[in-house]
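K.L.:
In order, the protein sequence lines correspond to chains Y and P. Numbering-wise (our numbering), the first sequence opens with residue 1 and increments by one. Numbering-wise (our numbering), the second sequence opens with residue 1001 and increments by one.
I should point out that these hints are in silico values taken from the structure, not numbers from a laboratory. Fair warning: there could be bad hints in the mix.
Derived lysine-lysine pairs resembling PhoX-like cross-links, with alpha carbons at most 20 Å apart [what the hints assert, rightly or not]: (1) Lys1066(P) with Lys1165(P); (2) Lys155(Y) with Lys181(Y); (3) Lys1066(P) with Lys41(Y); (4) Lys181(Y) with Lys135(Y); (5) Lys32(Y) with Lys181(Y); (6) Lys40(Y) with Lys70(Y); (7) Lys1165(P) with Lys40(Y); (8) Lys1066(P) with Lys32(Y); (9) Lys135(Y) with Lys155(Y).
Anything over 12 Å on all C-beta distances counts as not near chain Y; from chain P, calculated [said to hold, decoys possible]: (10) Glu1010; (11) Glu1023; (12) Thr1088.
The beta-carbon is built from N, C-alpha and C at its ideal position, and this holds for glycine as well.
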Amino acid sequence: MTAPTLGKDLIGLESLSAEQIQLILDTAERFKEVSERPIKKVPALRGKTIVNLFFEASTRTRISFEFAEKRLSADTVNVASAGSSISKGETLVDTARNLEAMRIDMVVIRHGSSGSAEFLAKRIRSNVINAGDGKHEHPTQALLDMLTLRDRFGKIEGLKVAICGDVLHSRVARSNIWGLKKLGAEVAVTGPASLLPRDIEQLGVKVFPRIEDAMQWADALNVLRLQLERMTGGFIPSLREYNRVFGVTRERLEKSGRDLVILHPGPINRGVEIDSDVADGPHSVILPQVTNGVAVRMAVLYLLAGGAPDWQHSGGSE
Amino acid sequence: MPSRSILLDERAFARALTRIASEIVERCQGTGDLVLVGIQRRGVDLAERLAKLVETLDGHPVETAKLDITLYRDDLQAAGARPVLSETDLPDDLDGRTVVIVDDVLHTGRTIRAAMDELADFGRPKRILLCVLVDRGGRELPIQPDIIGVRQATAPDELIAVSVKERDGKDAVELVRGGP
């Protein structure tokens, strides 16, 4: 039996098999320990050059990737759209080709347009990792969510996960739905009808119009950030009303009587989709998610550095 | 078809481990600061066994640790499927300790080079010794074992297969000829 490989790029979880997702999670499990070492660094990616190409604001994801890259001994360059030639109108492919001409090995891309990561992956030789493309996918976020769930519950199979809130604008929701279902979890969504994509049931998820019902059903809630920057208006009457009807509040949690695990991809809108005492409380795994994020990204970088799946195994030494 | 001949059967295997254990006790003059670091995967099994034997001989429990050297390999630049990672679990502080690296087979020496580089990132041991069950020759680096179970020079088409009860259901060392 040959070990599964990831191929050249990580664009999304939709195109991965359960075995490939499992491989990433198992590899990430090993990388957790590297961040606990006295010297938090291993030489696995020595000599590789990685460009973090961020066309959208990001703190957590960019820093998490950067830590992962540095802990694997890769050399990294950060390119943000502001202050670069991207702001002069250079196209995505031209930017990437210019970077490739400087002999890079991998590109981590965050972009506001769905499909941009795949578009780039098809046009450059370097490995491409999607760090969030529009409303499409954010695979490493879903992987770290799954690793955190696996830490808590022992396995993903048979787990019931409710994704709450702004599913419409959420690449995190889409990647979670694909990944969780492939590993045998049941997935539901809940939120105002205006923030749930039409025909979402076709992805094989349950829909709960009331968050209270989702809380009765689920083992874990993944509470999405209300993406105010992507809303052109009219989706919700007001933030206060949203919190009153769909907010994950302590009162609602206590009333449910359920011992739910609460995830949130961050950044948190405190008092909107989640209350502070829930986010900081015993049910929350928000900070373990962040810790796991570095391990998951190390795993993805390590596995992709091998290249395409048809390449030969590099053979052992004794 | 590859042919297999037995170098160590179960009883010879046990005698080799007993002898290695007494050499460890002798070489380390008391075992107070000793840690047996097994290289994943069969080195870990052997380190566990040796720790019990050393404890029987010397009367004190001996610490063991696990080391996976994959991330320190010198062939990761090559394209191909990434090797699967196993657990690394080393003591928090290696400074001033006597470390015995335990592995099943010593061949090119590249694994041991990686192991020493990795150990150096965890601390500064007082001394590092190398203990292997089989030395099959073929070194590509200037690395020599301190304690050896059995020496068996191998031809290019020969392999050494070590089986341990914990993993393979039996204790044996076999020479495999004409393998894939």
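K.L.:
Run every hint past the structure and note whether it holds.
P.N.:
To see whether the hints hold, each was checked on the structure:
Restraint check: the Cα-Cα separation between Lys1066(P) and Lys1165(P) comes to about 18 Å, which is no more than 20 Å; the hinted pair holds. The hinted pair formed by Lys155(Y) and Lys181(Y) meets the criterion: a straight-line CA distance of about 13 Å does not exceed 20 Å. Among the hinted pairs, Lys1066(P) with Lys41(Y) is consistent with the structure: their alpha-carbon atoms are about 18 Å apart, no more than 20 Å. About 19 Å separates the Cα atoms of Lys181(Y) and Lys135(Y), which keeps this hinted pair within 20 Å; it holds.
Restraint check for Lys32(Y) and Lys181(Y): the C-alpha separation of about 24 Å exceeds 20 Å, so the hint is violated. Straight-line distance between C-alpha atoms of Lys40(Y) and Lys70(Y) comes to about 9 Å, which keeps the hinted pair within the 20 Å bound. A distance of roughly 35 Å separates the Cα atoms of Lys1165(P) and Lys40(Y); the hinted pair therefore is violated under the 20 Å criterion. A C-alpha spacing of about 15 Å is found between Lys1066(P) and Lys32(Y), which places the hinted pair at or below 20 Å, so the restraint holds.
Between Lys135(Y) and Lys155(Y) the CA atoms are separated by roughly 28 Å; this puts the pair beyond 20 Å, and the hint is violated. The beta carbon of Glu1010(P) sits about 23 Å from the closest Cβ of chain Y, which is more than 12 Å, so the claim that it is off the interface holds. The claim that Glu1023(P) lies off the interface holds: its Cβ sits roughly 21 Å from the closest Cβ of chain Y, which is beyond the 12 Å cut-off. A cut-off of 12 Å between C-beta atoms contradicts the statement that Thr1088(P) is not in contact with chain Y; the least separation is 6 Å.
Violated hints for the displayed structure, listed by number in ascending order: 5, 7, 9, 12.
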